[in-house]
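S.K.: Following the hints, position chains D, X and S against chain P.
4 protein chains.
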Amino acid sequence: MVDIKPEQTQEGNNNDHLVQSDDPEHPANLIPELCRKFYSLGWVTGTGGGTSIRRGEHIFIAPSGVQKELIKPNEIFVLSYPTPKYPPSARKYIRKPSALNPSACTPLFLAAFDRGAGCCIHTHSQWAVMVTLLVEREKGKSGCFEISNIEQIKGIPRGKGKGMLGFFDTLKIPIIENTAFEEDLTESLEKAMEEYPDTYAVLVRRHGIYVWGDTPAKAKTQCESLDYLFQLAVQMHAHSLPWVVNESA
Amino acid sequence: MVDIKPEQTQEGNNNDHLVQSDDPEHPANLIPELCRKFYSLGWVTGTGGGTSIRRGEHIFIAPSGVQKELIKPNEIFVLSYPTPKYPPSARKYIRKPSALNPSACTPLFLAAFDRGAGCCIHTHSQWAVMVTLLVEREKGKSGCFEISNIEQIKGIPRGKGKGMLGFFDTLKIPIIENTAFEEDLTESLEKAMEEYPDTYAVLVRRHGIYVWGDTPAKAKTQCESLDYLFQLAVQMHAHSLPWVVNESA
Amino acid sequence: MVDIKPEQTQEGNNNDHLVQSDDPEHPANLIPELCRKFYSLGWVTGTGGGTSIRRGEHIFIAPSGVQKELIKPNEIFVLSYPTPKYPPSARKYIRKPSALNPSACTPLFLAAFDRGAGCCIHTHSQWAVMVTLLVEREKGKSGCFEISNIEQIKGIPRGKGKGMLGFFDTLKIPIIENTAFEEDLTESLEKAMEEYPDTYAVLVRRHGIYVWGDTPAKAKTQCESLDYLFQLAVQMHAHSLPWVVNESA
Amino acid sequence: MVDIKPEQTQEGNNNDHLVQSDDPEHPANLIPELCRKFYSLGWVTGTGGGTSIRRGEHIFIAPSGVQKELIKPNEIFVLSYPTPKYPPSARKYIRKPSALNPSACTPLFLAAFDRGAGCCIHTHSQWAVMVTLLVEREKGKSGCFEISNIEQIKGIPRGKGKGMLGFFDTLKIPIIENTAFEEDLTESLEKAMEEYPDTYAVLVRRHGIYVWGDTPAKAKTQCESLDYLFQLAVQMHAHSLPWVVNESA
Numbered sequence: 001m002v003d004i005k006p007e008q009t010q011e012g013n014n015n016d017h018l019v020q021s022d023d024p025e026h027p028a029n030l031i032p033e034l035c036r037k038f039y040s041l042g043w044v045t046g047t048g049g050g051t052s053i054r055r056g057e058h059i060f061i062a063p064s065g066v067q068k069e070l071i072k073p074n075e076i077f078v079l080s081y082p083t084p085k086y087p088p089s090a091r092k093y094i095r096k097p098s099a100l101n102p103s104a105c106t107p108l109f110l111a112a113f114d115r116g117a118g119c120c121i122h123t124h125s126q127w128a129v130m131v132t133l134l135v136e137r138e139k140g141k142s143g144c145f146e147i148s149n150i151e152q153i154k155g156i157p158r159g160k161g162k163g164m165l166g167f168f169d170t171l172k173i174p175i176i177e178n179t180a181f182e183e184d185l186t187e188s189l190e191k192a193m194e195e196y197p198d199t200y201a202v203l204v205r206r207h208g209i210y211v212w213g214d215t216p217a218k219a220k221t222q223c224e225s226l227d228y229l230f231q232l233a234v235q236m237h238a239h240s241l242p243w244v245v246n247e248s249a
Numbered sequence: 001m002v003d004i005k006p007e008q009t010q011e012g013n014n015n016d017h018l019v020q021s022d023d024p025e026h027p028a029n030l031i032p033e034l035c036r037k038f039y040s041l042g043w044v045t046g047t048g049g050g051t052s053i054r055r056g057e058h059i060f061i062a063p064s065g066v067q068k069e070l071i072k073p074n075e076i077f078v079l080s081y082p083t084p085k086y087p088p089s090a091r092k093y094i095r096k097p098s099a100l101n102p103s104a105c106t107p108l109f110l111a112a113f114d115r116g117a118g119c120c121i122h123t124h125s126q127w128a129v130m131v132t133l134l135v136e137r138e139k140g141k142s143g144c145f146e147i148s149n150i151e152q153i154k155g156i157p158r159g160k161g162k163g164m165l166g167f168f169d170t171l172k173i174p175i176i177e178n179t180a181f182e183e184d185l186t187e188s189l190e191k192a193m194e195e196y197p198d199t200y201a202v203l204v205r206r207h208g209i210y211v212w213g214d215t216p217a218k219a220k221t222q223c224e225s226l227d228y229l230f231q232l233a234v235q236m237h238a239h240s241l242p243w244v245v246n247e248s249a
Numbered sequence: 001m002v003d004i005k006p007e008q009t010q011e012g013n014n015n016d017h018l019v020q021s022d023d024p025e026h027p028a029n030l031i032p033e034l035c036r037k038f039y040s041l042g043w044v045t046g047t048g049g050g051t052s053i054r055r056g057e058h059i060f061i062a063p064s065g066v067q068k069e070l071i072k073p074n075e076i077f078v079l080s081y082p083t084p085k086y087p088p089s090a091r092k093y094i095r096k097p098s099a100l101n102p103s104a105c106t107p108l109f110l111a112a113f114d115r116g117a118g119c120c121i122h123t124h125s126q127w128a129v130m131v132t133l134l135v136e137r138e139k140g141k142s143g144c145f146e147i148s149n150i151e152q153i154k155g156i157p158r159g160k161g162k163g164m165l166g167f168f169d170t171l172k173i174p175i176i177e178n179t180a181f182e183e184d185l186t187e188s189l190e191k192a193m194e195e196y197p198d199t200y201a202v203l204v205r206r207h208g209i210y211v212w213g214d215t216p217a218k219a220k221t222q223c224e225s226l227d228y229l230f231q232l233a234v235q236m237h238a239h240s241l242p243w244v245v246n247e248s249a
Numbered sequence: 001m002v003d004i005k006p007e008q009t010q011e012g013n014n015n016d017h018l019v020q021s022d023d024p025e026h027p028a029n030l031i032p033e034l035c036r037k038f039y040s041l042g043w044v045t046g047t048g049g050g051t052s053i054r055r056g057e058h059i060f061i062a063p064s065g066v067q068k069e070l071i072k073p074n075e076i077f078v079l080s081y082p083t084p085k086y087p088p089s090a091r092k093y094i095r096k097p098s099a100l101n102p103s104a105c106t107p108l109f110l111a112a113f114d115r116g117a118g119c120c121i122h123t124h125s126q127w128a129v130m131v132t133l134l135v136e137r138e139k140g141k142s143g144c145f146e147i148s149n150i151e152q153i154k155g156i157p158r159g160k161g162k163g164m165l166g167f168f169d170t171l172k173i174p175i176i177e178n179t180a181f182e183e184d185l186t187e188s189l190e191k192a193m194e195e196y197p198d199t200y201a202v203l204v205r206r207h208g209i210y211v212w213g214d215t216p217a218k219a220k221t222q223c224e225s226l227d228y229l230f231q232l233a234v235q236m237h238a239h240s241l242p243w244v245v246n247e248s249a
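Residue numbers (full-length UniProt numbering), protein chains in the order written: chain P, 1 to 249; chain D, 1 to 249; chain X, 1 to 249; chain S, 1 to 249.
Hints should not be assumed to be uniformly reliable.
Heads up, the list lumps identical chains together, so a pair's fine if it works in one copy or across two of them.
Claimed, not checked - 25 Å max Cα-Cα, derived DSS-like pairs, lysine-lysine: (1) K162 x K141; (2) K191 x K162; (3) K96 x K218; (4) K72 x K37; (5) K72 x K218; (6) K37 x K218; (7) K160 x K191.
Read the hints as simulated data drawn from the structure, not as lab findings. Remember, predicted model here, so these are calculated numbers, not experimental data.
Chain P on its own, in the form it takes in the complex (with noise of 0.2 Å):
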């Protein structure tokens, strides 16, 4: 991971034209589309959260610290990306807008980019939350997210390439410990993508999680539906049910 100096790095050219389209795709318009929508599912009130794209060579990012429901696309932060792999000096900012910060989240995002991932999803869920917080007592500290036997379960990829989960697969979601600061969670969220190196997604211990995809509508639906199941399972545990079902239908 190339540890990114916004401050270093920003170009006298702030690049304004990454940012300006007609095309509500692009994702300089399409960031504050879904983060407006993110905001009314609840996952990023108060400044929480965020969402980045990668389009190409470039990264787009959503400022940290903003009402994410009313991120404008000049808001948006531009990291270039080159591929093929290019020496880590060739990560820099190239569109930084002033008096905003970039997302501390940005290593995070980078890391499921280096995987593939063509967008990454940062929500502060309170479901998120809340299945990390009953694992914790049921399993302590080492233990997963696992449900099985809910159609949900069928909206998530069973790896790269893959195709999806099925009805009777049990979906596993990786859990890392929280830090102080949002950036010191890379190592430990690398770790968890190598030891699952299925997951689309890694929960964060009572803070959230992070969530990506091949594509932004990818990583929206995926996160979706992991959202649903995470409501699902915490309705189920008030009632008792358990999340795994040990016999095959």
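M.R.: The following block gives chains D, X and S in isolation, referenced to the frame of chain P:
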């Protein structure tokens, strides 16, 4: 049930005129509008669920695997469905948007249309899933969902041409077991329709619900009434309140 | 209570001018707007609930059995309601949209207007239904809903011309038993109004609530305050917190 | 705290220009926009709650007793608030919409402005009310709300000019007892501000919360973060999960 093979039946002429209309009540306009509502109700999160409308000899179906709140009229599939009953070979896709897949629910929708429905809705509502789990624990896999003495029951028909259920009636919704592949639900769905000839809905364990109605408005409002009852039933169960009243007032 | 027979009283002239106005506060415009809000609050799901406004000699009523979030001004019924009190025969529909049915709640709305209300709202709110169930289990069928020492109580009037309830007051809302037919609630609703002459609302067991107010704005905000209190009461009950504080602070 | 007597201080000139601006960030435009959001969040249901913004020598205040989602710029009150500190007599209403009442929260808002706030928000959030009830039962009336080791805590400042709280910090929000009249809360609010000089919020038992911030954006996002924490805390309590972690990770 005819086996629909869309990839073999697509016409060179894609019949785009079938999904072009200024009438907001036209199925190609109404399905996207309904799906937007269902998304905001949490029924079709993460590409889940689906909707289909029959108008005369045509069945209009939302595509599979897409963000349901973003469907556009030109993404709607059209299936020919001649009446009076033609040989099964008459059922074929006469419009198939490129790069999209038809809904895996199609055979299940057709089972409802074969019973005279004008619209069929499939949701992954968490309340529907929760009642299937609670019923399974109480009554085992043979059980159906039952509730009585709640005003909203009057929003559900007593059966085709029989008027609406009354307040003191017991609403019964059959529950079928989920399968690995959605199309494999067809047989048990049709069996449930035979056992419960007056039902306008079938719950699918750990999956969701199929609801149909004589018109799109009736399918939608009946689906809302059922979801209201499932949500109330989960809340009642959390407070140890029984779903069925034995005495009549 | 006069027995309204709309099928006998419809005029040849349908008085469309009574529901045509550019004023957003006109009842024919305000009822659709209120119903859209009530739908998004979950109060009138699946055609449930209703709303009526009195303006001078006219009572405007939402139709029955329709999607409440889609009502249009020309779908509003108008009933003549002369003042000062005319013989009951003076109460008749002077506008009746074809192909729509008047609300079964009409006699209940009239009971509120006879007490001087300017607007009456009927909802199927699940929180209202839940408190009627919880009260029944605790106190039997004779009980009423009571809560004290919650700030939102100050949103409910102490009685006609008596100002608002105070924080330390105990709000009491009578509960009547549901009947098979909505119009048959009228007698017990009027009886509850006599026993609780200061109430602006009556709960209906396993059904919902009727709330009225001097103006549409008051009826709506009082209905919101009550729903807030019912929701809070259900939540309090789930945490074994009592609804009424016996000591005064 | 000066005693504001609006009825004695209204000017013949109503200073309408103070609430007329094309700038969406102008307080007279921003307060209605914020109140619409707060309504949809359930914070100001049934005329409850309020919002006030200070800009230079003027304080803009939402009216009392109105539907908060419908406020218009010309319904905003303006109070002169000269700086540096003038004699109390300098605080007077310089704009008072006819037929509207100033907010009973005004003295409480002023207490926040006297501490340097740029915006103060008052909500009746049910989550805020619930935590005051749960704290009272656990710790009695002397208790304050405490939570630690949740990422969203980082959305709350450590104190004026001290940066934000950390993940491992324990957030403490004082709770004051409610009074019959809102203005009578002022003394205990100011006392709580003295005892908790770093707090940006005070809970009111069985009533709601006052949250302030250096700017409208900060007050709003801090209010969202607190509400997120209260909602999570209620959910945690329902699952017997403690709010404060004693060990540090």
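S.K.: Please write out, lowest number first, the hints stated earlier that are contradicted by the structure.
M.R.: 1
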